[in-house]
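Q: If you want the building blocks of each chain, they are given just below.
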Amino acid sequence: MGTRVFGEPVKRREDARLLTGRGRYLDDLGRDALAAAFVRSPHAHARIVDVDVSGALDVDGLVAVYTWEDLPGRVGEPLPLLIPHPALTHGRTGYPLARDVVRHVGEPVVMVVARDRYLAEDAAERIRVEYEPLPAVVGIENAERAEYLVHDDVPGNVGAVLVQETGDAAAAIDAAPHRLEFRLSIERSASTPLEGRGVYARWDADDGSLRVYSSTQASTSVRAAIAARLGLPNGKVEVVAPDVGGGFGVKIVHPWPEEVLVPWAARLLNREIKWTEDRREHFVAAAHERGQLQDVRVGFDDAGRVLGLDVRILHDHGAYTPYGIIIPIVTSTQLLGPYKIGAYRAEVVSLYTNTLIVTPYRGAGRPQGVFCMERTMDRIARHLGLDRADVRAANFIQPDEFPYDQGLTFQDGRPLIYDSGDYPELLRKVRALIGWDGFEAEREAAARRGRRIGIGVGVYVEGTGVGPYEGGHVEIDTAGRVHVSTGLTSQGQGHETVFAQIAAAELGVPIRDVHVTTGDTRRFGYAVGTFASRAAVMSGNAIALACRKVREKALRIAGEALEADPRDLEITDGSVHVRGDRSASVPLRTVAVLSNPLRYAFDDETAAATQFAVGRPATEPPVAEGDEPGLEGRGYYSPVRSTFAAGAHAAIVETDPDTAEIAILRYAVVHDCGKLVNPMVVEGQIHGGVAQGVGGALYERMVYDESGQLLNASFMDFLMPYATEVPRIETDHLETPSPLNPLGIKGAGEAGVIPVSAVIASAVEDAEGLRVEAMPLSPDALYELRERASGDPGLRVRETARAGGDGAATGGQFAAGVSGALPPSERGR
Amino acid sequence: MKPPPFRHHAPRTVDEALGMLADAPRAKVLAGGQSLIPLLNMRLAAPPDLVDINGVAELDTVHCGDEGVRVGALARHARVERSVEAAAVQPLLGRALRHVAHPVIRNRGTVVGSLAHADPAAELPAVLAVLGGTVEAASARGRRTIPAADFFTGPLESALAPGELAVAAFFPAAPPRTGTAFTETARRHGDYALSGVAAVVTLDEDLRVGAARAGYLGIAPAPLVLDLAEAAGPHGDWPAAAAYVRERIDPEPDIHASARYRRHLTGVLTERALATAAAEALRRARD
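Taken in order, these protein sequences are the chains called Z and L.
Using my numbering, you'd call the opening residue of the first sequence number 1 and step up by one each time.
Using my numbering, you'd call the opening residue of the second sequence number 1 and step up by one each time.
Calculated directly from the structure, the hints in this document are not laboratory data.
Every residue, glycine too, gets a C-beta built ideally from N, C-alpha and C.
Hints may be right or wrong, so weigh each one.
Computed list of lysine to any residue pairs in SDA-like fashion (alpha-carbon distance at most 20 Å, straight line) [what the hints assert, rightly or not]:
{"#": "1", "chain 1": "L", "residue 1": "Lys2", "chain 2": "Z", "residue 2": "Asp28"}
{"#": "2", "chain 1": "Z", "residue 1": "Lys340", "chain 2": "Z", "residue 2": "Val284"}
{"#": "3", "chain 1": "L", "residue 1": "Lys2", "chain 2": "Z", "residue 2": "Leu194"}
{"#": "4", "chain 1": "L", "residue 1": "Lys2", "chain 2": "Z", "residue 2": "Arg126"}
{"#": "5", "chain 1": "L", "residue 1": "Lys2", "chain 2": "Z", "residue 2": "Asp477"}
{"#": "6", "chain 1": "Z", "residue 1": "Lys340", "chain 2": "Z", "residue 2": "Pro403"}
{"#": "7", "chain 1": "Z", "residue 1": "Lys549", "chain 2": "Z", "residue 2": "Asp568"}
{"#": "8", "chain 1": "L", "residue 1": "Lys2", "chain 2": "Z", "residue 2": "Asp70"}
{"#": "9", "chain 1": "L", "residue 1": "Lys2", "chain 2": "Z", "residue 2": "Arg305"}
{"#": "10", "chain 1": "Z", "residue 1": "Lys340", "chain 2": "Z", "residue 2": "Gln398"}
{"#": "11", "chain 1": "L", "residue 1": "Lys28", "chain 2": "L", "residue 2": "Glu16"}
{"#": "12", "chain 1": "L", "residue 1": "Lys2", "chain 2": "Z", "residue 2": "Asp60"}
{"#": "13", "chain 1": "L", "residue 1": "Lys2", "chain 2": "Z", "residue 2": "Thr517"}
{"#": "14", "chain 1": "L", "residue 1": "Lys2", "chain 2": "Z", "residue 2": "Gly30"}
{"#": "15", "chain 1": "Z", "residue 1": "Lys549", "chain 2": "Z", "residue 2": "Ala618"}
{"#": "16", "chain 1": "L", "residue 1": "Lys28", "chain 2": "L", "residue 2": "Ala10"}
{"#": "17", "chain 1": "L", "residue 1": "Lys2", "chain 2": "L", "residue 2": "Asp23"}
{"#": "18", "chain 1": "Z", "residue 1": "Lys340", "chain 2": "Z", "residue 2": "Glu425"}
{"#": "19", "chain 1": "L", "residue 1": "Lys2", "chain 2": "Z", "residue 2": "Asp568"}
{"#": "20", "chain 1": "L", "residue 1": "Lys2", "chain 2": "Z", "residue 2": "Glu563"}
{"#": "21", "chain 1": "Z", "residue 1": "Lys236", "chain 2": "Z", "residue 2": "Val284"}
{"#": "22", "chain 1": "Z", "residue 1": "Lys11", "chain 2": "Z", "residue 2": "Asp412"}
{"#": "23", "chain 1": "L", "residue 1": "Lys2", "chain 2": "Z", "residue 2": "His85"}
{"#": "24", "chain 1": "L", "residue 1": "Lys2", "chain 2": "Z", "residue 2": "Lys549"}
{"#": "25", "chain 1": "Z", "residue 1": "Lys340", "chain 2": "Z", "residue 2": "Arg280"}
{"#": "26", "chain 1": "L", "residue 1": "Lys2", "chain 2": "L", "residue 2": "Glu16"}
{"#": "27", "chain 1": "L", "residue 1": "Lys2", "chain 2": "Z", "residue 2": "Gln398"}
{"#": "28", "chain 1": "L", "residue 1": "Lys2", "chain 2": "Z", "residue 2": "Met716"}
{"#": "29", "chain 1": "L", "residue 1": "Lys28", "chain 2": "L", "residue 2": "Pro175"}
{"#": "30", "chain 1": "Z", "residue 1": "Lys549", "chain 2": "Z", "residue 2": "Ala663"}
{"#": "31", "chain 1": "L", "residue 1": "Lys2", "chain 2": "Z", "residue 2": "Glu425"}
{"#": "32", "chain 1": "Z", "residue 1": "Lys675", "chain 2": "Z", "residue 2": "Glu425"}
{"#": "33", "chain 1": "L", "residue 1": "Lys2", "chain 2": "L", "residue 2": "Gly55"}
{"#": "34", "chain 1": "L", "residue 1": "Lys2", "chain 2": "Z", "residue 2": "Arg115"}
{"#": "35", "chain 1": "Z", "residue 1": "Lys553", "chain 2": "Z", "residue 2": "Pro629"}
Computed footprint of chain L on chain Z; a stretch qualifies when at least three of its residues, placed anywhere within it, have a C-beta under 8 Å from a C-beta of chain L [claimed, not checked]:
{"#": "36", "stretch": "198–205"}
{"#": "37", "stretch": "777–783"}
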């Protein structure tokens, strides 16, 4: 590798564009397009009795109104179930527009097309839909009780029952010296990207083709879905993901109803149509995640080693299952984390409710699994009076035990085999970073000042880079520009930078010459999508493989030009030369000219290339058999199975003895994603992930009332943390390369979010000496916990933990909130 | 989230604005728009007319005198928050303003607009109420001064009549030997508070508690002012005052906090705010 860019903290090349308002997001496109708006169900469960559109007809600028009856053939069929699974015996999906019954608030019922969005909303407001309300099923307990059904033909509201097991967990638990049994709860949250969904379609009647822009994480699959629904060949549908303002999982679902309806109407009307989801729609019509109840039984020995673990996971998947049961599959497998569990059984019961669909959100079931496992580790440690970190260490898979087969089936349908890792070292590093061993002195010093602090830790393993494949295409043009494309999409992760780093390193070209395109089916037609922390692993390796092909071809052609053995050549700063000797060289732009026997002299490069008289013998065809004109190459990377990243997080929190407010004083992350392509980008991913994790731990939940109304469908009441709520994040890295891929890398996109709830729960429990079994934890919830614990000593985990507790004059984080008291510099936040 | 149709009026003077309001009695006044525009976008409000006073330069005023601070209807939160003169006359105003949402909102939102919106969870109504301030209202029929105690009539309801424009608010100056404090607990920095307290403590010449009042936000349908001098006693028994407050209030639960927690929290904040205000009063008395 000539140019040292791989592994360097190269600044994100997309930032100049994105941070100065020059990004082009979905709503920046199609300025003159008609606008679509949707009449959505105000009921969680109801029968549609009548739709009266007459009131809308006199709205000036109205173009069209559609209900389900208007949708022809495949356009009106139920949306596809993307990922079937044998355990998903009762999978159900919705219609693009509701047919007869609505099953959650926000389900689309009528589509309106008008001259602009204002008028479309005016018209939508005048459409009268008559509903006959049906009983709504809200909450996991009600779903399980099944007094009412979400789907008449799904008994017990049970979509799937999935069992994963190794050994006889029940027997192992019964035979263990110590046993514990408890229930854990995690609330719903959501991806909530700052840009919602959006679709913009234009039909070319002359060409019989469709161009669709979608704010999606999977443009190639959106294309295939639209082509199938509209009866078009793939080649007549182009789907482009423009700049996308965050996805975090929610935009991997496809096709959304709007992704079918907008292109369909655009073709029907032969007009450009755009739909831009607004915030209120996003809360009730996109997707949520996380909500689970977990019943845990664990048996362990005197050292805290787990001998048997049995978890029953009740998973709320909402009204439909378009994305299958990936989330609980991930929960039930990734729950094991870095540990060797004697015998394990997980039973997932995936339940329908009359709430919004549940599909992957960054972490995709892992935060729940890690919460379960790490809460269990803490319970074991408290029960035995052992150090919480030591109990984890006692259960770790050791570095010499890789590859380690957990004996389960992972989300990709492949065996759950960890490829590499060093969990003891992760824990050692995070203990050092947070100051675990000196914390008791810190706690006592704080207590003397009336402050109550606690420390927590969490370790996790994340399967990343799931298959089946991604591809990359690399072309060097006659100006020496390197065009890299891959089919998966970008939502701001820094792909333009890291893919360019990989290409620059592989080809030996300056990074400024590399141009990256993602998520555009015009450039690359085969792709899976951006999810499961897979972009760097999958497309990164595919691009590297494509680059290696191009490099080989470049060396071959240059070898002919330089009359040298290609094996003696290398590429430096975009020029091919004999290794160690740059006196004779040929630039890649010239090699690109030479690669094409058709040499119309359009430019200086072509003229310059004539000095390299590479001619083939007159008896041979100008393009040799098996060769192709042009300096380009295509590569695919398809792994046998996922690669497993890991990390350890630790936090110190402070709780206010009086107000029950919770503040994160320090947050430490040690992360291992194999070889780092760009440590700055990885840290950025971790920071963003931790921020979302803090949301899940302390702020975010979806508050449905008993009738299925979402009470906090706005950023005023859905409490995504601000910068002021996110602590400074201290990071350290460990690099255990993956043996599974050429670059030795593992995924990093979701890492930050995964253990945060577990870590904060651990730390608050430690500060308070009170058992934490549910997240998120608000001041109100902590106050209630204190009140309950005052009457129930069983909730106490450690008597000595309590400190402070009376008087207004605590000198802590929170008293500083009294603005009269302190100058701004001393004020906490 | 696009507003329904409305007519936009852009007066240049107060008289023009009052004329427009007289002609369109269902009109809403648009100043900073930080509450009104979201309500329009979510179609929770659909006024046929908006009288946009952003071009009425004569309302963009902050006057600080010995008597107090008079804030014109177009003065932004940020201007008042940063006013050294206003802080010298009545420091409570700036202290509370730092808790109003976020800087970008304070750059646009107006003090008088927040009062006229009369959100019981907002900071400024509680401040105006605890200070015994006033709102100056004008209409085509004339002008009147409305005491805070009469101005806030319910959640999002004020004593402003149709056709009336709140042109200014007056925050009285702090008397001698007086300290103030503002504290609140919000779920996130800048959110509406779960509970908040604006406290004013005045010491007598013997440095005993002469007056102690607290204005509350977030726990009642309108800003609540309690006289705590008796409960606290001459020596400032703040826990006793907090206990008294917990008995007197009846907060509502919502999705962010239970009534029980709010009651508890309000006591804690009362104690802290009174102690801080009293400490400041003592410093000032000794200066």
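Q: For each hint, tell me whether it holds in the structure or not.
A: Taking the hints in turn, this is what the structure says about them:
1. Among the hinted pairs, lysine 2 of chain L with aspartate 28 of chain Z is consistent with the structure: their alpha-carbon atoms are about 17 Å apart, no more than 20 Å.
2. For the proposed pair lysine 340 of chain Z and valine 284 of chain Z, the alpha carbon gap of about 40 Å is over 20 Å, so the pair is violated.
3. The straight-line distance between the Cα atoms of lysine 2 of chain L and leucine 194 of chain Z is roughly 18 Å, inside the 20 Å bound, and the hint therefore holds.
4. A C-alpha spacing of about 15 Å is found between lysine 2 of chain L and arginine 126 of chain Z, which places the hinted pair at or below 20 Å, so the restraint holds.
5. Distance restraint check for lysine 2 of chain L and aspartate 477 of chain Z: the Cα-Cα separation of roughly 47 Å exceeds the 20 Å cut-off, and the hinted pair is therefore not satisfied.
6. Under the criterion of a C-alpha separation no larger than 20 Å, the hint pairing lysine 340 of chain Z with proline 403 of chain Z is consistent with the structure, at around 13 Å.
7. Between lysine 549 of chain Z and aspartate 568 of chain Z the CA atoms are separated by roughly 17 Å; this keeps the pair inside 20 Å, and the hint holds.
8. At roughly 26 Å between alpha-carbon atoms, lysine 2 of chain L and aspartate 70 of chain Z are farther apart than 20 Å, so this suggested pair is violated.
9. For the proposed pair lysine 2 of chain L and arginine 305 of chain Z, the alpha carbon gap of about 58 Å is over 20 Å, so the pair is violated.
10. Note on lysine 340 of chain Z and glutamine 398 of chain Z: the hinted pairing holds, with a Cα-Cα distance of about 9 Å set against a maximum of 20 Å.
11. Only pairs whose Cα atoms come within 20 Å are accepted, and lysine 28 of chain L paired with glutamate 16 of chain L is accepted, the gap being roughly 15 Å.
12. Straight-line distance between C-alpha atoms of lysine 2 of chain L and aspartate 60 of chain Z comes to about 16 Å, which keeps the hinted pair within the 20 Å bound.
13. With a C-alpha separation of about 34 Å, the suggested pair lysine 2 of chain L and threonine 517 of chain Z falls outside the 20 Å cut-off, and the hint is violated.
14. For a cut-off of 20 Å, the pair hint linking lysine 2 of chain L to glycine 30 of chain Z stands: about 18 Å separates their Cα positions.
15. Restraint check: the Cα-Cα separation between lysine 549 of chain Z and alanine 618 of chain Z comes to about 27 Å, which exceeds 20 Å; the hinted pair is violated.
16. With a C-alpha separation of about 12 Å, the suggested pair lysine 28 of chain L and alanine 10 of chain L falls inside the 20 Å cut-off, and the hint holds.
17. Of the supplied pair hints, the one linking lysine 2 of chain L and aspartate 23 of chain L is violated, its CA atoms being roughly 26 Å apart against a limit of 20 Å.
18. Between lysine 340 of chain Z and glutamate 425 of chain Z the alpha-carbon distance is near 16 Å, which keeps this suggested pair within the 20 Å criterion.
19. Note on lysine 2 of chain L and aspartate 568 of chain Z: the hinted pairing is violated, with a Cα-Cα distance of about 66 Å set against a maximum of 20 Å.
20. With a C-alpha separation of about 69 Å, the suggested pairing of lysine 2 of chain L with glutamate 563 of chain Z is violated against the 20 Å cut-off.
21. Distance restraint check for lysine 236 of chain Z and valine 284 of chain Z: the Cα-Cα separation of roughly 33 Å exceeds the 20 Å cut-off, and the hinted pair is therefore not satisfied.
22. Among the hinted pairs, lysine 11 of chain Z with aspartate 412 of chain Z is inconsistent with the structure: their alpha-carbon atoms are about 33 Å apart, more than 20 Å.
23. At roughly 41 Å between alpha-carbon atoms, lysine 2 of chain L and histidine 85 of chain Z are farther apart than 20 Å, so this suggested pair is violated.
24. A hinted pair counts as satisfied when its Cα atoms are at most 20 Å apart, and lysine 2 of chain L with lysine 549 of chain Z does not qualify at roughly 52 Å.
25. Between lysine 340 of chain Z and arginine 280 of chain Z the CA atoms are separated by roughly 45 Å; this puts the pair beyond 20 Å, and the hint is violated.
26. Distance check on the hinted pair: lysine 2 of chain L and glutamate 16 of chain L sit about 28 Å apart at the alpha-carbon level, beyond 20 Å; violated.
27. Restraint check: the Cα-Cα separation between lysine 2 of chain L and glutamine 398 of chain Z comes to about 58 Å, which exceeds 20 Å; the hinted pair is violated.
28. A C-alpha spacing of about 18 Å is found between lysine 2 of chain L and methionine 716 of chain Z, which places the hinted pair at or below 20 Å, so the restraint holds.
29. Distance check on the hinted pair: lysine 28 of chain L and proline 175 of chain L sit about 37 Å apart at the alpha-carbon level, beyond 20 Å; violated.
30. For the hint pairing lysine 549 of chain Z with alanine 663 of chain Z, the CA-to-CA distance comes to about 53 Å; that exceeds 20 Å, so the pair is violated.
31. Restraint check for lysine 2 of chain L and glutamate 425 of chain Z: not satisfied, since their Cα atoms lie roughly 54 Å apart, outside the 20 Å limit.
32. Under the criterion of a C-alpha separation no larger than 20 Å, the hint pairing lysine 675 of chain Z with glutamate 425 of chain Z is consistent with the structure, at around 16 Å.
33. As the CA atoms of lysine 2 of chain L and glycine 55 of chain L are separated by approximately 24 Å, the hinted pair breaks the 20 Å bound.
34. Taking the CA atoms of lysine 2 of chain L and arginine 115 of chain Z, the gap is near 14 Å; set against the 20 Å cutoff, the hint holds.
35. The hinted pair formed by lysine 553 of chain Z and proline 629 of chain Z meets the criterion: a straight-line CA distance of about 11 Å does not exceed 20 Å.
36. With 0 residues having a beta carbon nearer than 8 Å to a beta carbon of chain L, the stretch 198–205 of chain Z misses the requirement of three or more and the stated coverage is violated.
37. Against chain L, the stretch 777–783 of chain Z contributes 4 residues with a C-beta closer than 8 Å to a partner C-beta. That satisfies the three-residue criterion, and the hint holds.
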